[in-house]
Amino acid sequence: MSMIGEYVRLTPAELERTIGDPAAGRELVDRLIEAELDEAPGPSRARCHDIDKTWQALDFLLHRAGFPVDIAYGEEQIPGADAWGYGPPRYLTPERVRAAVAAFPAFPHHALAEGVTPADLAKADIYPHIVWERGEPLEYVTYHYASLVEFFQAAARDGHAVVTWIG
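Counted from 1, the sequence shown has number 78 at position 94 by the numbering used here; the numbering is strictly sequential.
Among the hints, a few may not be true.
[Unchecked claim] Quick list of simulated restraints, FRET-style, between CB atoms:
| no. | residue 1 | residue 2 | range |
| --- | --- | --- | --- |
| 1 | His47 | Ala86 | 35 to 41 angstroms |
| 2 | Asp22 | Ala130 | 22 to 28 angstroms |
| 3 | Ala24 | Gly4 | 29 to 35 angstroms |
The set of hints was computed from the structure by calculation and includes no laboratory data.
Idealized CB from N, CA, C, for every residue including glycine.
Full structure from sequences and hints, please.
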């Protein structure tokens, strides 16, 4: 079973309701995911997004580069939320989403993995281990980072918060 980095954009009111009632928030998220299954809108239109199995590699690269916002895991845990997969969901407020978007130009996707090899990720025990042990290129991560940038830009444009979890 794969561990996938999942994201959803929520309005401030939806985030507030999710924080107040995490079970109802999960139901809302499930409805949003279901509504987009057939349409599969691109990252700039989607309310839901995933970065496949790149979440830990993305976190590794962004921390290494000094990115100022934790977009891989989120910054605040939703209090009292049960696991939404492999742990509780975390979120970024609309203000932190805007901070991430403001920082993106200094961290372009084509430069994110400069100086890092698959062997470096394997040595750091980054998921998915077998990918890096086989020496697969880091374009897998930078591709998903580029799509996540689009998703965050849309969230900032619309004044949304972002909730993330490993599903």
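Could you tell me whether the CB distance from His47 to Ala86 stays inside 35 to 41 angstroms? Since His47 and Ala86 have Cβ atoms about 18 angstroms apart, the given range 35 to 41 angstroms is violated.
Does the Cβ distance between Ala24 and Gly4 fall inside 29 to 35 angstroms? Holds, at about 31 angstroms.
Given a hinted range of 22 to 28 angstroms, is it respected by the beta-carbon distance of Asp22 and Ala130? 24 angstroms Cβ-Cβ, so the 22 to 28 angstroms window holds.
Checked against the numbered hints listed earlier, the structure breaks hint 1 alone; every other hint is satisfied.
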